[in-house]
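All chains should be built: construct the whole structure from the sequences, respecting the hints.
Protein chains: 2
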Amino acid sequence: MALLARSLRASAQPALVFARSMGVQYKAPIRDIQFVVDEVLNGDRHYQKAGFTDVSSDFRHSVLEEMAKFSEEVLSPLNAAGDEHGCKLDAKTKDVTTPPGWKEAYEQYKEGGWQSLSVAEEYGGQNLPLSLGLIKSELIATANWAWGMYPGLSIGAMNTLTLHGSEEQKQQYLTKLAEGTWLGTMCLTEPQCGTDLGQMKTKAVKQADGSYKITGTKIFISCGEHDFTENIVHIVLARTENAPPGTKGISLFIVPKYLQKEDGSLETKKNLVCGGLEKKMGIHGSSTCVMNFEDSKGWLIGEENKGLFQMFTFMNTARIGTALQGLGAAELAYQGALPYTKERMSMRALSGTREPEKAGDAIIHHGDVRRMLLTCKAFAEGARSMMYETSMLADYMLTAKTPEEHKKVDDEMGFLTPILKGFITEIGVEAASQGLQCFGGHGYLQDWGMEQNMRDARIGTLYEGTTGIQALDLLGRKILLQGGKNWLSYTGECFKYMKKQLWDNRQTSQHKREIVRLLPYFAKWYYMTGRVALRARSDADALSAASNDYLMYSGYTVMGFHWLRMMDVASERLANGGLSKEDELFYKAKVQTGQFYFDHLLPRANSHFQSALASHKSIMGEDAFNFQQQ
Amino acid sequence: MALLARSLRASAQPALVFARSMGVQYKAPIRDIQFVVDEVLNGDRHYQKAGFTDVSSDFRHSVLEEMAKFSEEVLSPLNAAGDEHGCKLDAKTKDVTTPPGWKEAYEQYKEGGWQSLSVAEEYGGQNLPLSLGLIKSELIATANWAWGMYPGLSIGAMNTLTLHGSEEQKQQYLTKLAEGTWLGTMCLTEPQCGTDLGQMKTKAVKQADGSYKITGTKIFISCGEHDFTENIVHIVLARTENAPPGTKGISLFIVPKYLQKEDGSLETKKNLVCGGLEKKMGIHGSSTCVMNFEDSKGWLIGEENKGLFQMFTFMNTARIGTALQGLGAAELAYQGALPYTKERMSMRALSGTREPEKAGDAIIHHGDVRRMLLTCKAFAEGARSMMYETSMLADYMLTAKTPEEHKKVDDEMGFLTPILKGFITEIGVEAASQGLQCFGGHGYLQDWGMEQNMRDARIGTLYEGTTGIQALDLLGRKILLQGGKNWLSYTGECFKYMKKQLWDNRQTSQHKREIVRLLPYFAKWYYMTGRVALRARSDADALSAASNDYLMYSGYTVMGFHWLRMMDVASERLANGGLSKEDELFYKAKVQTGQFYFDHLLPRANSHFQSALASHKSIMGEDAFNFQQQ
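Read top to bottom, the protein sequences are chains A and B.
For what it's worth, full-length UniProt numbering labels the leading residue of the first sequence as 1, then goes sequentially.
For what it's worth, full-length UniProt numbering labels the leading residue of the second sequence as 1, then goes sequentially.
Wrong hints could be hidden among the right ones.
A pair holds if it fits inside one copy or across any two, identical chains being indistinguishable in the list.
Cross-link-like lysine-lysine pairs, in silico, DSBU-like; alpha carbons within 35 Å at most [claimed, not checked]:
id	residue 1	residue 2
1	512	617
2	88	279
3	306	342
4	401	496
5	358	279
Hints in this document: simulated from the structure, not taken from any laboratory.
Note that this is a predicted model, so its numbers are computed, not measured.
What follows is the structure, encoded as structure tokens:
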């Protein structure tokens, strides 16, 4: 915690702007964040219970304020310029240059000690809860997603070393990563395989000194090469000689960009090189690299052939981190569109002139524009509550005493993770598109940053497992294979809450009507699960055919439950009275947004229900793709 | 028709390719097009009835083959390169250079006589039906939408002159536009107004010689400046002196880029200049210009203050042309994704190994991938049928004998137009996104052309009236204001067909089950209309709040009816037997795709129904946007 005292405030310098436009100037939604953490999820109780006794409301608030400042003042203004400039690969040196100002922003971030927030103290970390790290990541993600990938990917590498590295490896690498002097990556994908890692070919040959020589090509390596740090630590999946075929023969290695000499200084010759940068739809500021390994020296992490298992141990946290992109895209869409719709005049409101002194009424007075704004808002705020709740589960992973305790928490998170990653990244793309739409033709221009938001958001449903993979993971692995254990326990908690509000608190609870609307969605969730499971007994393809609808149904329903809780809290505060004007506006906005969700978004689940239960034969039938135009 | 004999086949030259990748190589879906025109919509009978006795099936086929060749061989290979290069504005000369190869492609198009397809013979046209022109436009649009905008916008200018120009204006401008020697644009939007043209400021001052001096700034002028032709004819909306305020004071002018001298040759000084090019999300090859008018010489079209009315007379055809972009995006998404999903191997199919000799099964064997492919396919083919049916109505506009006949057809089209423009461009974006998703992370790269397709498609819901404008136009103007006249007559025809299939043809019709599924959607359409109309009596904003859901509901339902008819035709052909292997595959694919639509896409309408009927107060309430983070 000492490191945080090195306030970013002092060092925050105005960022250079290179592009014609600024895009959206991000404003951290501090009140919204506090509402979820403090009021909806009872943060004080949670952090006490999870063993983070230092993490008081005041402390959280000060961390949040610092991070907000950095995100707003440093990262947000670099976002549009990063999109415009992108990364450049030097054809000769194979060095990668990041967009102007990005490296300097990282220096400030590193100096602030932000990278080690949730790392153990013995490796230079601050031992703070993962859920606090997630909030930090949310602010970065929304202000400048592509920039955030550099420290973000490194967290994946740190998690791997924390869980599976030897003490020596932790001392050598984790400490450097925690202080941010080096950054890390994860090298999984190869040209012929992404999801299906069993097809992986990269070879690792053991040397006499215990190290390995690694040879192969990895693609889609986010932040695989850059100029932020003096060294980059790659965590690489590869096959040792005589490893069993498929996923059972995969091992995990540390392969640094520059090897360390005896005295700790770095070699000048690269241990592996970047073979190319991908040209992408968005996230231009994040380098997406082809990484060529040619007898590159590396060291085994843990045991041989345990690589896939080791990857899975932090898959949940990695995927939750990716889900943040959906939340960020929705939040940025709303923040970008709201002021525009209040200023842009077009036509008169249908119910009569609102701004007679002007040539037209602001478009926010038109119902369809309000619908789009509210869609962004309801998605962003609903997603935030869903994500924070799950990340608080993750806090117990750091304090778990036994492998069993760890597994229990991991399983509980495991059920929610594909819903977060799958559902929230999908609605993030939709929200980004709706935010753009609020601008009419102007939204299509680079100037406003809304089209960048949509292009950036679009990667969310693809990496860290596509939506299709999340959907299968949820329905197949996380629900059916477990006999529904964690799902039933989660929904049981939801029922308990609704019952309490309907019955015990019936005198005061003000959203009994919403509970009555929400209950059938839970009931149908059970019904749908049973029906699909039965169908899958005779034809396993029925699972895959229904999985996307199942995922989206689950997402809308879980978000409905979160909106119910948020509305309950807000209405209770309003009923209790004694609020500041600002708080009154805040809670009232919350209640209306929730009502909008119940009225206009939750019903979408019903279409997914219908489609999931409709015949899978029209999907799996053999006729559809047989004709080919000659 | 003589011009068509100048076959493009002879002159078709392989296009130059400048980009690293080719994007999607387009293949014109000739069999699908013929299926809709000849079999579903009974083209032979239609063209006879509409008075185009020359337009036989053979003739249509030969036009289609020629156009397919040009689109596939010339336009499609230029699509990715156009995106990469974009248009360049010379800061000094204010000339715009289009992407490499584009001008040459236009030369071929012009030589082929394609631009005059539906222009009257006295102005050098070929007098062919508009519906045939639409098919031509579809092929161009799918192969290379941005390129197609240059001739496409010119069609808008030609329509204006055809309907409202003087004989002299037609001889001077329309003939040049029809032969393609010049191209035209439409200059409507200004910085402060797009939809709300009443706010327009551009001034036109009458001169002694009867011409006008026009001054003002127009933005978003598609193809406002380029190097395709020696001259560009701008149709410009402006206000004369002392014109009444608002939309009643708008007049229409011809303003050429270069004025013509007495001898017909062109002046060398520009009459107006391009002040800038917009940087856009997509359609990079299409120049989007700021056009600066400064005492630019122009001539009035028709009478003063009739400009808005004149624009409206061909609004339907212009918007239907834009709707093509949605169809094209869905078709291209399918064509791009299908071969990839047949080749890319990942994991094994859930129901068991399909390709044991390979390292994995092709991803087309996974249910969720099939769902995405079928979504693109069902949307493209359903949209095609919807669009062709409407464009056949447009054929009667050319042969209408009286203003009343013209108005009747225009009104019938008027009801369908916002559904086509609004619904089809929306599903086009979705299909483009699903096609991209089929590629996993690879879809995010420029190489495959799928991300370009999505970026290009995204403009569709914005220009020619946003989706919100289409939605209000449909519900407010086209249905409620007309007492539902054209809507009831359309749905009446649908009922007639369904009754015939359910009863008269009950022995042979094979999709009675689909009719029984579809009928409630029509019934609920009536119910929803009544409910929203009632609510709007006490609060007009209820219309706007429900309009998007209403539009999407209408779109899904109309498309359902088209799928029913396509399934009926296909199943009848299959039942009759005697088919070639190819035809059998074709019709079977059609039936399964229709089944998919009924099972998995049509149910979405129900969510829109629920949302449209839910309270509009959660949208219009005053609380939602009042809180602001300080």
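How the hints compare with the structure:
1. 512 <-> 617: Classified as between: cross-chain Cα gap 18 Å, same-chain 40 Å, threshold 35 Å.
2. 88 <-> 279: Cα proximity of residue 88 and residue 279: in one copy and across copies (11 Å, 21 Å).
3. 306 <-> 342: between (56 Å within a copy, 32 Å between copies)
4. 401 <-> 496: within (28 Å within a copy, 72 Å between copies)
5. 358 <-> 279: between (45 Å within a copy, 30 Å between copies)
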